[in-house]
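Asker: Chain residues, written in single-letter form:
Number of protein chains: 2
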Amino acid sequence: MAAAEVSNKGVILKQFVTGCPTEDDLELVTGVVRLAVPPGSASVMVKNLYVSCDPYMRNRMSEHNEASYMSGCEEYTLITDPESLFKINHPELPLSYYTGVLGMAGLTAYAGFFDVSKPKQGDYVFISSASGAVGQLVGQLAKITGCYVVGSAGSDEKVNILKTKFGFDDAFNYKKEEDLNAALKRCFPRGIDIYFENVGGAMLAAVLPNMRMNGRITVCGMISQYNLEQPNGAPNLFCLVAKRIRMEGFMVLDYFGTYNKFEEEIAGYLKEGKISVVEDVAEGIENVSTALIGLFSRHNIGKQLVTIAHE
Amino acid sequence: MAAAEVSNKGVILKQFVTGCPTEDDLELVTGVVRLAVPPGSASVMVKNLYVSCDPYMRNRMSEHNEASYMSGCEEYTLITDPESLFKINHPELPLSYYTGVLGMAGLTAYAGFFDVSKPKQGDYVFISSASGAVGQLVGQLAKITGCYVVGSAGSDEKVNILKTKFGFDDAFNYKKEEDLNAALKRCFPRGIDIYFENVGGAMLAAVLPNMRMNGRITVCGMISQYNLEQPNGAPNLFCLVAKRIRMEGFMVLDYFGTYNKFEEEIAGYLKEGKISVVEDVAEGIENVSTALIGLFSRHNIGKQLVTIAHE
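So the protein lines, in turn, are chains G and S.
The first sequence begins at 1 in UniProt numbering and counts up one residue at a time.
The second sequence begins at 1 in UniProt numbering and counts up one residue at a time.
Same shape as in the complex, but just chain G (with noise of 0.2 Å):
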């Protein structure tokens, strides 16, 4: 008996991407999908319900990407390796938060913290991009540390969500700070004894001259610098010297052996409410270009995902 072929509907690059991406640098294709695995093979077809839109997404569309993380963006995939997969051990929260507090932006963020922030109780923390995926997660961890938090965010309502829906202790728009530096000093008058690097650039150059001694700078991303052809670099990185402090790249991929353990964790903190989560959800896979591009001139508030069909 010959398997249903389907129509796959997928969104593909259709250029390498220098600069700022636009939707027409993306194309919806429609393909078609036989919903069969080959015969003796532990391949899987997967109805793909959620997609993840992510920054380090910009990295892909660029001609010499460097090795990052695979996703498929399409209404089926064949999934030729299933033991790449994460079991779902808690399916009573919302599926969605798998693409995002219980995904790959939420274990970014513990294991950044944790592993390369290594927070003390009382440290003053510092979150750029605080109302994404990662940073939102990370600033409600760095409370439950017992943290002094800030984050920065680029709309008023963004700083409303930090204070009123995560609990930061303060944070601002950095949109209308005249002075980066003068809107650190004012927020850390003691300095920051952890930066959470989601943007780098202007930002990284003003948060240098405000670290603490023996601070950490946990560089998880730059967004601001993903678009540029032309980097800017920040100018005062000799402050690393004299208050010894440790700045360290990381990547989520080292870390997704610790996923049960992370995931056991958080889910315990969503159910007991310590934890809030902010979705930005769209609709369809026809949306998919809109949603990933407004990622970089940031349209999402909170983790963006995209509804592709329903459970």
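Check before you lean on any hint, since a few could be wrong.
Just so you know, same-sequence chains aren't split out, so a pair can sit in one copy or run between any two.
[Stated by the list, open to error] Derived SDA-like pairs (lysine to any residue); straight-line CA-CA distance at most 25 Å:
hint : residue 1 : residue 2
1    : Lys243    : Asn214
2    : Lys47     : Ser224
3    : Lys185    : Glu229
4    : Lys274    : Asn160
5    : Lys243    : Cys20
6    : Lys118    : Pro38
7    : Lys176    : Ser224
8    : Lys271    : Thr164
9    : Lys243    : Phe262
10   : Lys185    : Asn59
11   : Lys120    : Arg246
12   : Lys243    : Tyr255
Simulated from the structure, these hints should not be mistaken for lab results.
Chain G is fixed; fit chain S onto it per the hints.
Answerer: Structure of chain S alone, referenced to chain G:
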């Protein structure tokens, strides 16, 4: 009986410096000192035999200098806190070594390389400003550790010393390289595990994309930046993420407690002939200004010091 009074020549800073310091910024002054200590005090009067000249001293010439190492530059110094002095346990070695390889520069190299860089046998190590007091020891410690070691310096003579005297595997004259990135690719076709950073600026920018996975950048100093009113930025810090690079500053002050262990180990290497020393010795306190300023135009070959009085 009254203590003898003698003249005490010293070098002082005449004015705060912006940009490149010149000999006009320093002044030789002649004072008078009583060769006695206050009755009942633990103070000691020291006749200085050698004065060390180090790049970090540039920072102390700036108006808004950060807390840094202290050192008087004069013929006689009253030391009011003798407990801060280090005992010389190996007087059989040249006393001048205690300004360099057995002094602060040596401890800087030792602590920075072993405690911050955390080398492993077989690591690819790059050292900038490699013929200087710190660099020359880092390179030799790296060779003792079983690393592959390349250094950069600013003259063919220095490059030759690196290869023939200090046993570096390779070295290059950065002033003769049109493209620092190409020079690093030639010397490190498989990339760099450890960069011992003494210069900053364009060299750091060239090093970043040549780092290997899990590389370490130990930030000891950034001499190329000290005289710039508008320091350069490294435009490619995003390399830290994909390659999981740790970039960390340190100060030798934090390692004074490990001095004895360091002194024993290095004194042993010196006696076994496993470590060579190149010093650039000027004569007389009248020549301190020239020697110190010469550091910033890279006139010195090896550790710069000045003999103030003969033993």
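Asker: With reference to the structure, classify each hint as holding or not holding.
Answerer: Hints, verified against the model:
1. In this assembly of identical chains, lysine 243 and asparagine 214 lie within 25 Å of each other by CA distance both inside one copy and across copies; the values are 6 Å within and 22 Å between.
2. Within a single copy, lysine 47 and serine 224 get their C-alpha atoms no closer than 34 Å, and across copies no closer than 56 Å, so neither meets the 25 Å cut-off.
3. Taking the closest pair of Cα atoms, lysine 185 and glutamate 229 come within 25 Å of each other only across two copies (22 Å); inside a single copy the shortest separation is 31 Å, beyond that limit.
4. With identical chains, the CA atoms of lysine 274 and asparagine 160 are at most 25 Å apart within one copy only, with a shortest distance of 18 Å there and 63 Å across copies.
5. Proximity of lysine 243 to cysteine 20 under the C-alpha cut-off of 25 Å is restricted to the inter-copy arrangement: shortest distance 24 Å between copies versus 35 Å within a copy.
6. Neither within a single protomer nor between protomers do lysine 118 and proline 38 lie at most 25 Å apart by alpha-carbon distance, with minima of 46 Å and 49 Å respectively.
7. In the homo-oligomer, the alpha carbons of lysine 176 and serine 224 lie at most 25 Å apart inside one protomer (17 Å), although the nearest pairing across protomers, at 35 Å, exceeds that limit.
8. Within a single copy, lysine 271 and threonine 164 get their C-alpha atoms as close as 19 Å, which meets the 25 Å cut-off; across copies the closest is 66 Å, which misses it.
9. In this homomeric assembly, lysine 243 and phenylalanine 262 come within 25 Å of each other (Cα to Cα) only across copies, at 23 Å, whereas the closest approach inside a single copy is 32 Å.
10. When the C-alpha separation of lysine 185 and asparagine 59 is checked against a cutoff of 25 Å, the pair qualifies only between copies, where the shortest distance is 23 Å, while the shortest distance within a copy is 33 Å.
11. When the C-alpha separation of lysine 120 and arginine 246 is checked against a cutoff of 25 Å, the pair qualifies both within a copy, at 15 Å, and between copies, at 20 Å.
12. Taking the shortest Cα distances, lysine 243 and tyrosine 255 sit within 25 Å of each other only across copies (14 Å), while inside one copy they are farther apart (29 Å).
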